[in-house]
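Peer 1: With chain V fixed as given, assemble chain D onto it according to the hints.
Protein sequences appear in the order of chains V and D. Here the first sequence is numbered in the working numbering, starting from 4 and rising by one per residue. Here the second sequence is numbered in the working numbering, starting from 3 and rising by one per residue.
Worth flagging that the hints you see were computed from the coordinates, not collected in a lab. Accuracy of the hints is not assured; some may be wrong.
[Unchecked claim] From the structure, some residues in chain V lie toward chain D, with a derived Cβ separation under 8 Å:
(1) Leu77
(2) His78
(3) Gly80
(4) Leu120
(5) Glu121
(6) Gly144
Positions of the beta carbon are idealized from the N, C-alpha and C atoms, including for glycine.
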Amino acid sequence: MGLGGGALLALGGVGLSFWPSRLREPSGPLLCLSPLEFSVVAAACEAVVPGYDGMPCPLELRVPEQVDAYFALLHEGDQADFKSALGLLENGFAGLLLDGRPRPFTVCTVEQRQETLEAWRGSVIALRRTAFRALHKAIVGVYYAQPELYSHMGYSIPAGLASGGAR
Amino acid sequence: MSGVIHHGRDLSEDQDLTCDVCIIGSGAGGAVLAAGLAKQGLDVVVLEEGGWFTKKDFNLEEASAYPMLYQDRAGRATADQAITVLQGRSVGGSTTVNWTTCFRTPDKVLRHWAAEHGVEGLNSELLAPHFDSVERRLNIEPWSERIANANNRVLYDGCKSLGWEAQATRRNVKECGNTGYCGLGCPIDAKQAMGITYVQDAVADGARVFSDVRADRVVVREGRVEEVQARVLNRENSRPTGVAVRVRAKAVVSSAGAINGPALLLRSDLNANGRVGLRTFLHPVVALPAYYEDPIEGFYGAPQSISSHEFVERAAGQMGFFMEAAPLQPVLAVGGSTLVGPAQHEMMRNLPYMGVLIALGVDGFLPGDEGGVVSLRSDGRVRLDYSVSEDLAECFRSAHLAMARIELAAGAKLVQSTHNQPVKLRKEADLETLGLAPYGALEHPIFTAHQMGGCAMGSDPSTSVVDPAFRHHDIGNLFIVDGSVLPTSLGVNPSETIYALASHASGLIAKELAR
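If we strip away everything but chain D, and leave its shape as in the complex, we get:
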């Protein structure tokens, strides 16, 4: 039996649906889970607040892609505007717009979760067949540094020159055209995003996917979810059309991601232990632009194909970081700037000669690092707060110094920091100046493309939201399967971890429903 993907615009009357499992969200967690459950013969309904888009919709114009494919029309940020939040919003979630970098969960992280957060049994051996499975389905294979674009080559060559670790990443692509537009929706379906893989698998096995439908709340009675209440959205303005969707299911799964997922639970008054929204981790990112004699054209070519984990493990008490490159289409490039007037103009006029490395802080591991908090404002808007601690500021400083050394070693003629008062470096001796620059919220742009935590997994109901089987501690038929269950960040790009966890969860939930 084949399912269907509904567009919100086709829903003119209220919908009352029943099914075995209702999954809220169709990203890395929801899509893999939906496919797994549907394959096992379960009747699955997926609610997705974003639209359903295909390559025909991807015109590669930033002006239209960001509002169409990102949360809050790409305007999502922490409450103080210090951290820009890049997060996808469509059928396929962030996988529609991510940069395809795939890593298995580091074994050390899984061991840390077991030792410090009571996540027992979730180890590399258990997850291995799930990693194998998703790697086959998504064609996750090593890229090669030989075909890395010039921006990524800076990272590779600079690290090698300094004797630091760097390697080509694995990517979930098939017949990649090396276009560089992963972040705007792949125009040639080379990226094996959820929309063209697991969502299609789920639909082929009968799943019903409702795009442009936002879950407002889950209604719980006597310890079980009775109903999911949702509304159809007008895709043009994200306002409710007035059409309601109500779903009654044997089990309900939140796969709405690490910001909207906790917000859904908070709207539903499901926060008995006060842990929902806490320990939200972001892999906070600082960028460092540099300018070269020859064109870099960082807007073309696979945007992220090299990574360096040289500094993931640092001295005791220091936050680790890893380094990658970022694509440089104009709006994304200027997002790393707070310049005004002539300085802003100069930066963008030299866009083809600019390369940008990024460093991602590995948050959630140091004692006392509680990350950020997702909450609701009085008017219902979701709010994200994330303080830049002294540890994180030190991490940013060290990361900037490391990236500056890489860029200079790779031949940069000018490194220019993203500070409000940019620091300019032309040689290693200038590093001292960079080290004296201020680091912290609103001192320089900070980004996140990796949102994790907020509904942490753990065995202790007083310190976590779901158990190691993804089940809510208090609500028998409510599960959470997405990046929000991660007890810490990962130190690697998170998509493959979420795919594998969802693959694992599909077996557990199907087994639970069969009891």
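Just chain V, with the same shape it has in the complex:
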């Protein structure tokens, strides 16, 4: 991912934040992420795909847990890169310096989180753009794969086709 360089800043900055992070409770044991990292993913899920117009909320579908499971199966180096990105995102100190956002990501409102993520998407700092892309791909890739969403998107897998059923 090329995100390793952000690890130091992430670690250093969290301790300097004026607000404590908001921790979310996973539905089961975490496989890869720490409780704080899981909470950042959960907060990002709510911002990227809040579940409008009756679409299920990503937390109901346990999308953060599935993102955790996805990264648990990747190389340890990929896991470390992703964790660094989450640390940077949560970092209130860096947010204050670069975005004027003193609060940790997890305690921001959904709208503030959306603004933060959009700022990262177009940031002049390449590391942030890369981190955004990794986080966004993981979240939308898990969320929109959920069969519970198919009908909301006008999509369905033709009956009888899966697993060679048509022949």
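Peer 2: For chain D alone, kept in the frame of chain V given last:
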């Protein structure tokens, strides 16, 4: 004598194997090569890091198909995350999940390789019988624009309306059900992928295929490969099970593809001339979604059946591109987006009305275009770097403008670019806005489904890795037969080129072993 396909889970003890030829990889190159060599009576062992799956395993759910059938659980990307790399990983390699589009290698490309890269003798006449052979075996035949799905019809109708070239592609299918799920593993075995064709041919002639087995390195002593060292992987998590596989062969062939192949050589410290991993080409892809009054349902129907090569040849100094369509199952569709919140929701809510055209940059031909680089990180992970040059950015811009014109000509009510700040067009007059949008890495999603190069073929050992007979310049019994040997990209989908090259290579390698 019939061979066998082993599952990694059935291998509980270390394996010490001997054979005539050990082939690493079972995709478009490895499978055709294995079948050709086995047919000539050679004892063949194939090592494949992916699993062995059949249509019964293909449930058409993206949540399970991508982790099962794609490299890095479908998370492969360039180091900066700017380019998503779609690359297969199973017995059959990318042919298990490709979209079946087949082209012979353009004669102009072969002539360019001869003139600029010293690839002598590899011409259309030499390859013709090999193309004929693979086309028969894989049932590669023209599709028809009359049964193209609505997404592909946009490309055909729009191009015709503008007076641009577009034609139905040829596809390697038999009794295709037009399901649209080529990218998730064909559920009805209509796609003539390697797993149900050449791999089966090889096994029928005695080849032993070991799935879930990753080749870690080739051990070279005194200028020859002495042994291939591999490990059995747990299919669930891709971690080594602790069971080792060692293969001693008269000849070893890397058919591991244009990213993992160079990585294997680098892990094996086989990069004396420093060329391994260089000149990696991707046919970098930009997509352009559009929305229509009537449903497109781009998730159904043959995903890719029309192509336009109107802009492959452009003005001097400009990178060419060709245009096709892409399937639109939800996760693949959203992969072309960086939207957040309401905008993301709006896009996916309108999925049935969305069509997407793609343009593929023809990289590797302009002076100074060296493409990307495959290398190894300090922790052993493979790394792919690919800079979006000014030439490629200009290509993307021109491609977006061309695709927007096609979509509008075909009746799109809204064209919406994939930029971080999407540009919206409703009429031709809006094209100027699109032309002013930024193009480059992380300005908009970029993809690749065609990985080529990295172990380039050529006659000069100082600028290439293998000679025109697929033999490594320095190691007498090491060959490379896959897309990594291509000195440039192709300007057409690469699978049939790799099939034909492998068919050609099987004769050369068998002859070499008979000496």
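Peer 1: Next step is simple, just say for each hint if it's right about the structure.
Peer 2: Each hint, compared with the structure:
With 8 Å as the threshold, the beta carbon of Leu77 of chain V comes within range of chain D, its nearest partner Cβ sitting at about 7 Å, so the hint holds. Evaluation of the His78 of chain V hint against chain D yields a held restraint, the C-beta minimum of about 5 Å falling below 8 Å. With a least beta-carbon distance of about 5 Å to chain D, the hint placing Gly80 of chain V at the interface is held under the 8 Å criterion. The interface hint given for Leu120 of chain V is met, as the beta carbon of that residue sits about 5 Å from the closest beta carbon of chain D, less than 8 Å.
Proximity of Glu121 of chain V to chain D holds as hinted, the smallest CB-CB distance being about 6 Å (cut-off 8 Å). Annotation: Gly144 of chain V was flagged as interfacial toward chain D, and the flag holds, the nearest CB pair being 5 Å apart, inside 8 Å.
Going through the hint list in order, the structure satisfies each hint without exception.
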